[in-house]
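Chains as they are written, first to last, in the numbering used here: chain A, 718 to 929; chain B, 518 to 619.
These aren't lab readings, by the way, just hints derived from the structure by calculation. Note that the coordinates shown come from a computational prediction; the quantities given were computed from them, not determined experimentally. Do not take every clue at face value.
[Stated by the list, open to error] Computed, partial: chain A to chain B, Cβ under 10 Å:
id, residue
1, L732
2, V734
3, G769
4, I802
5, E806
6, P807
Beta carbons: idealized from backbone N, C-alpha and C, even for Gly.
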Amino acid sequence: MQSIAMESNWAAEHLQVIRTLMERSALYRRALAPIMIFNGVVGLAAAALGWGLKIGSPRGFILFWAGVSVVAMTGSFLLVRRQAIKDSEPIWSPPTRRVIQAFVPPLTAGLLISAVVLVNLGVAAEAGGELPLLWVILYGCAFHAAGFFMPRGMKLFGWAFVLGGCVLFAVGPPAWVRPLDCGHGIMGLFFGGLHLAYGGYLYFTERRRNET
Amino acid sequence: MNPEPFLQIDRVIHEKGRLAIMSMLAASPELSFTELRDILGMTDGNITTHIRTLQEAGYLSVTKSFQNNRPLTTCAMTPAGRKAFSHYINLLERIIRQNKPE
Chain A
718 MQSIAMESNW AAEHLQVIRT LMERSALYRR ALAPIMIFNG VVGLAAAALG WGLKIGSPRG
778 FILFWAGVSV VAMTGSFLLV RRQAIKDSEP IWSPPTRRVI QAFVPPLTAG LLISAVVLVN
838 LGVAAEAGGE LPLLWVILYG CAFHAAGFFM PRGMKLFGWA FVLGGCVLFA VGPPAWVRPL
898 DCGHGIMGLF FGGLHLAYGG YLYFTERRRN ET
Chain B
518 MNPEPFLQID RVIHEKGRLA IMSMLAASPE LSFTELRDIL GMTDGNITTH IRTLQEAGYL
578 SVTKSFQNNR PLTTCAMTPA GRKAFSHYIN LLERIIRQNK PE
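Here chain A stands alone, though its shape is the one from the complex (with noise of 0.2 Å):
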């Protein structure tokens, strides 16, 4: 009896072995409720220091907001770091390399296109109104792109931001808003709001996981 019961132990430990390693390989799981709360946090701080400050005009607004995406990659870096140390695992893993490569061209698009609508100012005098939409669903195509090596919710994260931008573009800002407070608000509720409750999602599901 008690060898049948070892056998069988041990087939469902190597099965649970494979399918760590399968993850390991395949799916990009690191620090992900850290890096979404920590990204949430910035959001929501950048959001307020923006409107609190009355950074108004579309330059300030623009290197404001480019000075925020630095802190939160940096920082998103520095957990994927620590977490990689403490797993005593490479940092560039074969996930995080296609997890970045997924992420780079909408996120450079993004990139490019602010630079120029930086340079031509004069033709994009509203970029605070409509700049910040165009940067959250390029950021949710490349999280719907980077889903596809990540668990299931991160294409449904990605959604959001695509589909929230592309209704609130549709929608328009109320006419009582000025159009860079708006950005601002538009870059904490997405940025800010999104990730802290996607993060505050995946802290309490990986935790409850764990302890089963």
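Please arrange chain B on chain A, whose structure you already have, making use of the hints.
Chain B in isolation, oriented as in the chain A frame:
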């Protein structure tokens, strides 16, 4: 207890190191020698031996090329390897099922 699944277990795959290599390659189209070594934390000698054993069994294909003037060895699972791996997993599942209390 039916001993049949135990007798069918593929001894080439049923080894900790080789099972890890097969599991990684089952989920990735191909992985380089360095990636496999670093992720699995094996020594060069150890992983070379396991890869050779799997290659001789026809489960892995090994391609040697150059990237940035440096030699690059990549491994991929062959159709025979995929079939054997799938069969191995089915056997493990059968063992669990047949030992499950009614």
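Comparing the hints with the structure gives:
1. Look at A:L732: its Cβ gets to within about 5 Å of chain B, closer than 10 Å, so that hint holds up.
2. Taken as an interface hint, A:V734 checks out: its beta carbon lies about 7 Å from the nearest beta carbon of chain B, inside 10 Å.
3. Interface restraint check for A:G769: the shortest CB-CB distance to chain B comes to about 46 Å, outside 10 Å, so the restraint is violated.
4. Because the smallest distance between the Cβ of A:I802 and any Cβ of chain B comes to about 13 Å, over 10 Å, the interface hint for this residue is violated.
5. Residue-level restraint check for A:E806 holds (minimum Cβ-Cβ distance to chain B is 7 Å; threshold 10 Å).
6. The restraint placing A:P807 at the interface with chain B holds, with a minimum CB-CB distance near 5 Å, inside the 10 Å limit.
Of the hints listed earlier, those the structure fails to meet are numbers 3, 4, in rising order.
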